[in-house]
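Colleague: Single-letter residue listing:
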Amino acid sequence: MAKETMIPIGPYHPLLEEPEFFKFYVEGEKIVDAEVRVGYNHRGVEKISEGKTFDQATFVVERICGICSTSHPFAYVRAVEDISGIVLPERAEYIRTIIGDLERIHSHLLWVGLAGHFIGYNTVFMWAWKYREPVLDMFEIISGNRNHYNMFKVGGVRRDIKETDVPGLLKAIDDVERFCGMLLKAVIDDPVIKARLKNVGILKKEDAIAMGVVGPVARASGIPIDVRKDHPYAAYDRVNFERIVMDGGDVFNKAAIRLLECIESTKIIRQCLKQMPAGPIDAAVREVGVGEGIGQHEAPRGECIHYVRSNGSNYPERHKIRAPSFMNVPSFKLTVIGESIADAALITAAVDPCYCCTERMAIVDRESDRVLLTGEEMVRLSQAKTEKLKQKCLY
Amino acid sequence: MSILEQVKNKFSQLEVNEKNPKRIYLNADNETAKAVVLYLFHDLKARLSTITGLDSRPGVELLYHLAVDSEAKVITVRTLVAKPELLIASVTPEIPAAEWVEREIAEMLGVKFTGHPNLATLLLPDDWPAGVYPLRKQTFESKQELKEIEN
Amino acid sequence: MFKNIFKWGLKKSLWVYHAGAAACNNCDIEILDMLTPRHDVERFGVMLVGSPRHADVLLVTGVCNRQTAPRLKRLYEQVPKPCLVIAIGSCACSGHFFRDSYNYVSPIDQIIPVDVYLPGCPPKPEAMIDAVIKAVGKIK
Numbered sequence: 014m015a016k017e018t019m020i021p022i023g024p025y026h027p028l029l030e031e032p033e034f035f036k037f038y039v040e041g042e043k044i045v046d047a048e049v050r051v052g053y054n055h056r057g058v059e060k061i062s063e064g065k066t067f068d069q070a071t072f073v074v075e076r077i078c079g080i081c082s083t084s085h086p087f088a089y090v091r092a093v094e095d096i097s098g099i100v101l102p103e104r105a106e107y108i109r110t111i112i113g114d115l116e117r118i119h120s121h122l123l124w125v126g127l128a129g130h131f132i133g134y135n136t137v138f139m140w141a142w143k144y145r146e147p148v149l150d151m152f153e154i155i156s157g158n159r160n161h162y163n164m165f166k167v168g169g170v171r172r173d174i175k176e177t178d179v180p181g182l183l184k185a186i187d188d189v190e191r192f193c194g195m196l197l198k199a200v201i202d203d204p205v206i207k208a209r210l211k212n213v214g215i216l217k218k219e220d221a222i223a224m225g226v227v228g229p230v231a232r233a234s235g236i237p238i239d240v241r242k243d244h245p246y247a248a249y250d251r252v253n254f255e256r257i258v259m260d261g262g263d264v265f266n267k268a269a270i271r272l273l274e275c276i277e278s279t280k281i282i283r284q285c286l287k288q289m290p291a292g293p294i295d296a297a298v299r300e301v302g303v304g305e306g307i308g309q310h311e312a313p314r315g316e317c318i319h320y321v322r323s324n325g326s327n328y329p330e331r332h333k334i335r336a337p338s339f340m341n342v343p344s345f346k347l348t349v350i351g352e353s354i355a356d357a358a359l360i361t362a363a364v365d366p367c368y369c370c371t372e373r374m375a376i377v378d379r380e381s382d383r384v385l386l387t388g389e390e391m392v393r394l395s396q397a398k399t400e401k402l403k404q405k406c407l408y
Numbered sequence: 002m003s004i005l006e007q008v009k010n011k012f013s014q015l016e017v018n019e020k021n022p023k024r025i026y027l028n029a030d031n032e033t034a035k036a037v038v039l040y041l042f043h044d045l046k047a048r049l050s051t052i053t054g055l056d057s058r059p060g061v062e063l064l065y066h067l068a069v070d071s072e073a074k075v076i077t078v079r080t081l082v083a084k085p086e087l088l089i090a091s092v093t094p095e096i097p098a099a100e101w102v103e104r105e106i107a108e109m110l111g112v113k114f115t116g117h118p119n120l121a122t123l124l125l126p127d128d129w130p131a132g133v134y135p136l137r138k139q140t141f142e143s144k145q146e147l148k149e150i151e152n
Numbered sequence: 054m055f056k057n058i059f060k061w062g063l064k065k066s067l068w069v070y071h072a073g074a075a076a077c078n079n080c081d082i083e084i085l086d087m088l089t090p091r092h093d094v095e096r097f098g099v100m101l102v103g104s105p106r107h108a109d110v111l112l113v114t115g116v117c118n119r120q121t122a123p124r125l126k127r128l129y130e131q132v133p134k135p136c137l138v139i140a141i142g143s144c145a146c147s148g149h150f151f152r153d154s155y156n157y158v159s160p161i162d163q164i165i166p167v168d169v170y171l172p173g174c175p176p177k178p179e180a181m182i183d184a185v186i187k188a189v190g191k192i193k
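Residue numbers (our numbering), protein chains in the order written: chain A, 14 to 408; chain B, 2 to 152; chain C, 54 to 193.
Watch out, some of these pointers could steer you wrong.
[Claimed, not checked] For each label pair, taking beta carbons as the anchor points, the in silico distance ranges come out as:
| no. | chain 1 | residue 1 | chain 2 | residue 2 | range |
| --- | --- | --- | --- | --- | --- |
| 1 | C | Trp68 | A | Val100 | 51 to 57 angstroms |
| 2 | A | Glu40 | C | Arg91 | 51 to 57 angstroms |
| 3 | A | Arg256 | B | Pro126 | 55 to 61 angstroms |
| 4 | C | Arg106 | B | Asn28 | 25 to 31 angstroms |
| 5 | B | Leu88 | A | Arg256 | 41 to 47 angstroms |
| 6 | A | Pro237 | B | Pro59 | 37 to 43 angstroms |
| 7 | B | Pro59 | A | Asn327 | 22 to 28 angstroms |
| 8 | A | Asp250 | C | Pro166 | 32 to 38 angstroms |
| 9 | A | Asn327 | B | Phe12 | 35 to 41 angstroms |
| 10 | A | Asp178 | B | Ala83 | 55 to 61 angstroms |
| 11 | C | Arg91 | A | Ser97 | 40 to 46 angstroms |
| 12 | B | Lys20 | A | Lys184 | 50 to 56 angstroms |
| 13 | B | Pro126 | A | Ile350 | 23 to 29 angstroms |
What the hints contain is simulated information worked out from the structure, not anything from laboratory work. Since the model is a prediction, treat every value here as computed from it, not as a measurement. The C-beta atom is built at its ideal place from N, Cα and C for all residues, glycine as well.
Isolated chain A, as found in the complex:
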């Protein structure tokens, strides 16, 4: 399935008079410096939250990001519950775990598709996104929506999983596991993909620690942090799953970790569906209490942490939100300097920033600030490099 035209992802700005999101400065074929501008999507959610009740704020934070939409509510409600130590019914903890890890699968598959597109394997893109659909269907069965599931509330979850749905969900998760296994094998066994991704965009362990990176980016560089294991919460301490850590720090490690984590997530979900006890799903919280609380969640991109201060009123006095990408994106600069322009698109994507941001990139001339290569052209270069590697490897 070779397509001539590229699949456009994210907004493009062909005029490019203004600073792009990711700017790369080059000398010849090598990148010598990089800059990233964020704030394009700044909508002032922390301030909006101060004007909403604790319950309403759950809906607000869900819409910070569409891909890891449940990660922010997960961390936020845990922060509010931390204020006065609210204890949840067990069934609610299991349902939270299921939703959290279903999202991990959908987010990682989305990323795999994107990475596949960047290196010119558009079949991988189509397949990864095709097999994302059953995961979104599972969300629709459980919560009523494919995205923005609004499952979380302070003290529990808003919707229950019907017993009659469980066999269908179990079968669907088996299919997802089978597909992820297939995809993993394809990635690890393909010599072209290996050649394309290995030793590209390496983030050294000491840099990763200094930059405070989290999630798969940290685990790919040998830092074994995972909030589900280190600060156990929800039902994560009641199920068995592996902590996936590698120490190469390159894009291949980041891709392999994400695929392996998908498989671990299917195991978590299966165990939760089978072990979940009957019972209430809501602690029926009447009061949040006075004080402060911190909530963490291992989002697909890493640790998501919220801090909430309550002064006894219905509204948060302060709601601090720190998404995982905030710690990971600055590290892209260290991984991209010295690399070739054909790899720039892929290395930036490997950090897994908000997907819209990934496409807003350009190669820029340092003196004149003139754009030499647009994001679209950078992706084409990346795909061309893979073609050349294919010729070398296969012939």
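Given the coordinates of chain A, work out where chains B and C should sit on it, guided by the hints.
Modeller: Relative to the frame of chain A, chains B and C by itself:
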């Protein structure tokens, strides 16, 4: 010796509030707070999760959240940066992870971090009016007021 | 309904450009989902293009904040007219609760003219295809 005990030994004047085994809050003045944060990060290998800035009447409260992944704890070091100067030493030269975090607090609350390599705006647009800090409590009551401040 | 789509699809291929303002990405991903095998919008002749200069239809998502409002206006000026604008998602239709934000400028239809409003958070890909078809029906 646990991480908390090592901190208490080294900084004996510290005000410690052990809310529960997972959440510890330490209160300190600006210089001690920085020393504790650096000790936790460099010597005790804690991880800087983030820094929260909070506007209050006497000053801006800064909370340095350090995750101790080996002990399932988050230790928060709290310090008050006095108004109206709002000056405090940056931890970015020693902890690069703090660069964007401090930049965001600077533009949202108006705290000046001395020694920070780059305090350019991070999230706010370039044409944001100077001196208007969105997360301050009395900054502006409505968008109408914001327009008036701009003109 | 599908017979009519095939008829219309055979007449002309509809080139659609995705213009994102400050969005949470959910609507954007669902737009991309239209391309994937389940919805496969290309069998209707609807193609996503990479440049606004080739667009017949503009799919706008997200909220107009201070950074994106001028860019959106400039983008619209580049698109050859006539051009249909579809506001996808509640954020594009009305600003959603981001209206309360200090960084919010105005609803999208005060910056560029909007022909079809598709509320939802996010609207399903089937609803988006329906919106595109209704928009085409409008110019007929």
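Colleague: When you take the CB atoms of Asn327/A and Phe12/B, is the distance between them in 35 to 41 angstroms?
Modeller: holds, 38 angstroms
Colleague: With respect to the beta-carbon atoms only, verify the hint that Pro237/A and Pro59/B lie 37 to 43 angstroms apart.
Modeller: holds, 41 angstroms
Colleague: Given the range 23 to 29 angstroms, decide if the beta-carbon distance of Pro126/B to Ile350/A lies inside it.
Modeller: The hinted range 23 to 29 angstroms holds for Pro126/B and Ile350/A, with Cβ atoms some 28 angstroms apart.
Colleague: Between Trp68/C and Val100/A, does the beta-carbon spacing fit 51 to 57 angstroms?
Modeller: Holds: the Cβ-Cβ distance is about 55 angstroms, inside 51 to 57 angstroms.
Colleague: Would you say the C-beta atoms of Arg91/C and Ser97/A sit inside 40 to 46 angstroms of each other?
Modeller: holds, 45 angstroms
Colleague: Is it true that Lys20/B and Lys184/A lie within 50 to 56 angstroms of each other by Cβ?
Modeller: For Lys184/A against Lys20/B, whose Cβ atoms are near 44 angstroms apart, the range 50 to 56 angstroms is violated.
Colleague: Between Arg256/A and Pro126/B, does the beta-carbon spacing fit 55 to 61 angstroms?
Modeller: Given a distance of about 41 angstroms, which is not inside 55 to 61 angstroms, the answer is violated.
Colleague: With 41 to 47 angstroms as the target window, see if Leu88/B and Arg256/A comply at their CB atoms.
Modeller: Taking Cβ atoms as reference, Leu88/B and Arg256/A lie about 42 angstroms apart, which means the hint holds.
Colleague: Please test the hint of 22 to 28 angstroms on the beta carbon pair from Pro59/B and Asn327/A.
Modeller: holds, 25 angstroms
Colleague: Using the beta carbons of Asp250/A and Pro166/C, state whether their distance is inside 32 to 38 angstroms or not.
Modeller: Given a distance of about 55 angstroms, which is not inside 32 to 38 angstroms, the answer is violated.
Colleague: Using the C-beta atoms of Glu40/A and Arg91/C, is the stated range 51 to 57 angstroms upheld?
Modeller: At 45 angstroms between Cβs, range violated.
Colleague: Given the range 55 to 61 angstroms, decide if the beta-carbon distance of Asp178/A to Ala83/B lies inside it.
Modeller: Given range 55 to 61 angstroms: holds, Cβ gap about 57 angstroms.
Violated hints for the displayed structure, listed by number in ascending order: 2, 3, 4, 8 and 12.
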